[in-house]
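Protein sequence lines, in the order shown, are assigned to chains A and B.
Final position of the first sequence in the numbering used here is 481; the numbers increase by one with none missing.
Final position of the second sequence in the numbering used here is 682; the numbers increase by one with none missing.
These are calculated hints, taken from the structure and not from any lab test.
All C-beta atoms in this analysis are idealised placements derived from N, C-alpha and C, irrespective of residue type, glycine included.
Among the hints, a few may not be true.
Here chain B is said to cover these stretches of chain A; the calculated rule only asks that three of the stretch's residues, wherever they fall, bring their Cβ under 8 Å from a Cβ of chain B [stated by the list, open to error]:
id : segment
1  : 114-125
2  : 135-141
3  : 144-158
No farther apart than 20 Å at their CA atoms in a straight line, the calculated lysine to aspartate or glutamate pairs in the DMTMM-like style are these [claimed, not checked]:
id : chain 1 : residue 1 : chain 2 : residue 2
4  : A       : K161      : A       : D151
5  : B       : K594      : A       : D202
6  : A       : K429      : A       : D360
7  : B       : K655      : A       : D202
8  : A       : K429      : A       : D359
9  : A       : K429      : A       : D439
Here is how the chains run, residue by residue.
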Amino acid sequence: MNFLPPNLAPAYPEIFLLIMVCVLLLVDLMVGEKMRYVTYLLAQIALFGCALITFTTSVPEVVYTFSGMFVDDALADVLKLMVYITVSMFLVYSHKYLAMRGLFSGEFFSLVLFATLGMMVMISASNFLILYLGLELLSLSLYAMVALRRDSVVATEAAMKFFILGALSSGFLLYGMSLVYGVTGALDITRVTEVIQSGVVDSTVLVVGLVFIIAGISFKLSVAPFHMWVPDVYQGAPTAVVLFIGSAPKLAAFGFVMRLLVEGMGGMVADWQGMLIILTILSMAVGNLAAIAQTNIKRMLAYSTISHMGFMLLGIISADGNGYSSSMFYIVVYVIMTLGTFGMLMLLSHEEFEAERLDDFKGLNRRNPWYAFITLLLMFSLAGIPPTVGFYAKLSVLQAVLGAGYIWLAVVAVLFSLIGAFYYLRIVKLMYFDEPESDAPISPHGDVELLISVNGLAVIVFGIFPQTLMTLCVYAIQRPI
Amino acid sequence: MSFPEISFYFFATVLVLSALGVITSRNPVHSALLLVLAFFTSAGLWLMLGAEFLAITLVLVYVGAVMVLFLFVVMMLDINLDSLREGFWKWFPFGAFLGLVMAAEVSMVLMNKSFGVNQLPVPPLHAADYSNTKELGRLIYTEYVYAFELAAVILLVAMVAAIALTLRRRSGRKFLDPAQQVAVKRKDRVRIVSMPSEKKE
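Okay, chain A solo, but in the shape it has when bound:
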C-alpha cells in the first residue's frame, strides 16, 4: 500500500491555470459592470503566466507523472505554448465584439480558460481516460459558449446540434477506447503500445475499436463524413465563439491524434492509414465543392475548415516523423490564417451589424485599402498561393505524401485545392473590383488594428522564411522519439 505523492512540477501550468480560473470567477463577482475589463486582463495574465511557467520549466527529457497519466515532452510544450498564444490573440480580437453584444462577462472568460485547460490536458495526456476527460472538459465549455447568447434562435439551434452530435461522437470514442481496453487490458498509452506490438492480442477486436475511435476523432477534427455540425455551428454561433472553436481546439485535436493514433495505436498503422485516406478524400471533396455554393462567409469558411483538415490528415497518413511535423506545421499555419480571417470579420462587424455575407466584403479596398490588403494576403494563404505560408504548408504535406508513395493521393489533393482556390479568390475579386454596399466607416481599435496587421504580415513573413516555424515543428515531433 505504498504510495508516493506524484511529482507536481510538470503539471504546474495546468495547476496555475486552474487556480487562476477560480480566482477569476471570484473576482468577477466583486467587480461591477463598468470594471469588467479587469476580468479580461486577468484572463490575459493567466495565459501569460502559463506561458512563462511552461517555458521556464521545460526540460529536454520526457517526464511522466500522476502514475504515468501525464506526460511532459517537447510536443506538449510546443503545442501548449501555441495554444496560449492563440487563445490570447483570440481574446484581443474579440473583446470589443463581445462587449457590443453583451457577451463580455466573467462566465465567458472562465469558460474560455476552462476550455484552454481541457486542451492542455489533452495535449499532455498519456492515458485513454485522461484524453477523454480533457476532451470532455473542452467540449463542454465549447457547447456552453455557443449557447451563451440565449435570445438568438440560430445560436441555440447551433448549440443544440453541436451538443447532441458531440455527445454522440464522444460515445463512439469511448466505446472504441473500451474495446481497446478490453483487448489490451491497459488504458495507459505506453502500455497499450507495448501490448499491441507484442502481437499476442486479437487484432479483429482492435480494428473494431479503432473504427469507433477514428469516428470519434473525425467528429472532433470536423472531417467529412462527420462534418455535418460544422457549417451550422459556424453560422449560428457568435463570430467570436466561431473563431475560438476554429483555432486553438484544432491544435489540441492534433495533439489528441498524435497521442491516440500515432503513439497509442502506432502498431496498427496499416489499418488506420486506409481509413484516413477515405476521410481525407471525402473532406477535400465535400469541403471544396460545397464551399463554392455558399453566400454566407461563415458557412464558406466552415467548409474551408473541412477541406483544410483533410489536407492536414495527408501528413498523418504518410506515417513518419517528416509527415507528422508537416501536419503540425499545417495546423499551426491554419490556426494563424483562421485567427486573421475571423478577426477581420469581427473588425467589419459593429453594433447591430454582423459581417457574415460575402457581399459585406464588396469594395473593401475603397473603404480601407490596408484591411483589404491583409484580407488578400489571408485569402491567398488559405488558397495556397506563393509566397504566402499557406503554399508552403500545402507543399510540405504533399511532399510527405509523395515520400510515402501515394502519388495518386497527392494528385487528388492538388486538384481539389485548385477547385478551392476559386472561392478564396472570389473574395479578393469582391474586395477590389466591386462597388461597396455601405460606406459605414470601419472603426478600428488600436490593439486589434495592430494585431491584425501583425497577423496578416506573419502570413507572408512565414511564407518567405518558413524554416523558423518548421524547425519548431520538427523539434516538437522528433524530440520525444
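With the hints as your guide, set chain B onto chain A.
Okay, now just chain B, sitting in the frame of chain A:
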C-alpha cells in the same frame, strides 16, 4: 444451471426488455419508469460482478435522484407526442433499412470468434474480507487522483455553464417593481379630461 447463471439471465432479460420498452413506449412517463427498471437491473448485474459500491451508487444516484428529477421534468413539460411522431411512417422504410444493415454489420463483427465469453479471462475471486469500496477509494485518491480532479473540474464547468445559461434577464417579461407600485400617485393613474358635452341629434 447454477444460481449465478439463472440470476444473470434473469437480470439480463429484464434489462434488455425494459431498455426496449424505454424507446417504444408511447408515454414518456412510462419510458422514464422503465429506464428506472433498466438502471435497477444493471445495478443487479454489477452486484454480481462484485462491484457493490458502484451498484449501490447507481441505485442511489441514478434511480434515487436523477430519474426522479427527470420524471418531474417529463411530467411538467407536457410533451406533444403527436408532433414528435409526425412523419414516422414516412421515414419508417428508410430507417428500418438502415437498422437492418447496421444489425447485419454488428452481427458480422460480434459473431466472429474474437468476441465471446471464452475470450475473456475469469475474474479473480476475492477473499471474504475484501472490500470493493475500500479498494475503489484507495485507487481514486492515489493512482487515479489526476482523473478524479479533472472530473471535478468538469462538474465545475457544468455548474458555471448552467448558471450562465439560465441566470439572465429575459426580454419582454412582465414585471412589477413593488417600490414603484407603492409610490404611485393618483395623477399617474387617472387623467381628468374635459370634453364638451355632446347633444343628441
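Quickly compare the C-alpha distance for K429 of chain A and D359 of chain A to 20 Å and report which way the hint goes.
-> 11 Å, holds
Is the hinted pair K655 of chain B and D202 of chain A satisfied, with a Cα-Cα distance of at most 20 Å?
-> 65 Å, violated
Mind checking the alpha carbons of K161 of chain A and D151 of chain A for me, to see if they're no more than 20 Å apart?
-> 17 Å, holds
Does the alpha-carbon distance linking K429 of chain A and D360 of chain A stay inside the 20 Å limit?
-> 13 Å, holds
Please work out if K594 of chain B and D202 of chain A have their alpha carbons no farther apart than 20 Å.
-> 10 Å, holds
Coverage criterion applied to the segment 114-125 of chain A (partner chain B; beta-carbon cut 8 Å; 3 residues) | That given contact holds, which follows from 3 residues of the segment 114-125 of chain A lying within Cβ reach (below 8 Å) of chain B.
Within a Cα-Cα threshold of 20 Å, do K429 of chain A and D439 of chain A meet the stated pairing?
-> 18 Å, holds
Verdict on chain B covering the segment 144-158 of chain A, where coverage means 3 or more residues with a C-beta closer than 8 Å = holds (count 5)
Mind taking a look at whether chain B covers the segment 135-141 of chain A? Criterion is 3 or more residues with CB to CB distance under 8 Å.
-> Contact hint for the segment 135-141 of chain A vs chain B: holds, 4 residues under 8 Å.
In summary, the one numbered hint that this structure violates is 7.
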